[in-house]
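If you're matching positions, the sequence shown starts at 1 in our numbering and goes up one per residue.
These are computed hints drawn from the structure, not numbers from a lab.
Do not rely on the hints blindly, as some may be mistaken.
[As the list claims (entries may be wrong)] Below 30 Å or equal to it, Euclidean Cα-Cα: the simulated BS3-like pairs (lysine-lysine) are:
{"hint": "1", "residue 1": "K52", "residue 2": "K112"}
{"hint": "2", "residue 1": "K37", "residue 2": "K69"}
{"hint": "3", "residue 1": "K112", "residue 2": "K180"}
{"hint": "4", "residue 1": "K37", "residue 2": "K94"}
{"hint": "5", "residue 1": "K37", "residue 2": "K52"}
[As the list claims (entries may be wrong)] Label-pair distances were calculated between CB atoms; the ranges are:
{"hint": "6", "residue 1": "R61", "residue 2": "L186", "range": "53 to 59 Å"}
{"hint": "7", "residue 1": "P80", "residue 2": "S113", "range": "20 to 26 Å"}
{"hint": "8", "residue 1": "N126", "residue 2": "R198", "range": "38 to 44 Å"}
{"hint": "9", "residue 1": "G143", "residue 2": "A31", "range": "41 to 47 Å"}
{"hint": "10", "residue 1": "D10", "residue 2": "K94", "range": "35 to 41 Å"}
{"hint": "11", "residue 1": "W14", "residue 2": "L46", "range": "24 to 30 Å"}
{"hint": "12", "residue 1": "Y28", "residue 2": "L3", "range": "26 to 32 Å"}
{"hint": "13", "residue 1": "S172", "residue 2": "H4", "range": "22 to 28 Å"}
{"hint": "14", "residue 1": "E48", "residue 2": "L149", "range": "18 to 24 Å"}
{"hint": "15", "residue 1": "N33", "residue 2": "P156", "range": "36 to 42 Å"}
Predicted model, so just to flag it, every value in this text is computed and none were measured.
Heads up, the beta-carbon is just placed ideally off N, CA and C, and yes, glycines get one too.
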Amino acid sequence: MTLHGDTRIDNYYWLRDDERARPDVLEYLHAENAYGKQVMDSQLSLQERLLKEIIDRIPQREVSAPYSKNGFRYRQVYEPGCEYAIYQRQSVLKEEWDEWEILLDANQRAAKSEFYTLGGLGIAPNNQLMAVAEDYLSRRQYGLRFCDLSNGEWYPEILENVTSGFAWSNDSRFVWYVRKHPTTLLPYQVWRHTVGHRRRATRWSTRKKMRPSTSACIKPPPSSSW
């Protein structure tokens, strides 16, 4: 790659295998893992003891401090034995000890995958729609999904290979998000999506043609004119 007159060479680029199917790459990774296991095998009991000490310091049930936004309180709850948070909300008109609504149980979302990360969760201004950015690959290539909170149904569309950042329009009809470049995986194009329509997306970047090395981001809209 040459940029600003400087040529950079990635000597490990040959290890890139998006499909996880190349025999030479898999063989190399298996050999590296076997070597690492061999080197650290004598420390296995120490690793297990340290892990137990760390886990014992964590409360069995942990609840975050709630915060209020647009008529609702929000919090995260870690139940005993659960690796991921449960995201909840509650009307500010209720008392905090009243029942909370579950927005997303990340443990359920992760149950059928070897890897899972929730990169972002955002509620639309109308309080009826939720968007979540989830990574099931461990490459920060998120999929943006939408849920109707009035009935718990998920919309069929998934916006693939995007960043974890997004912003709702004030009328709750659109979501602005950033697509990643298919080769560099850098965030480089800002798009607007109409929620509920699989193919209604418009590139909203101010520049018609952007370099693959360009990095873009998105923040919530400042006014209702969006």
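Which hints from the list above does the structure break, by number from lowest to highest? 2, 4, 6, 8, 9, 10, 11, 13, 14
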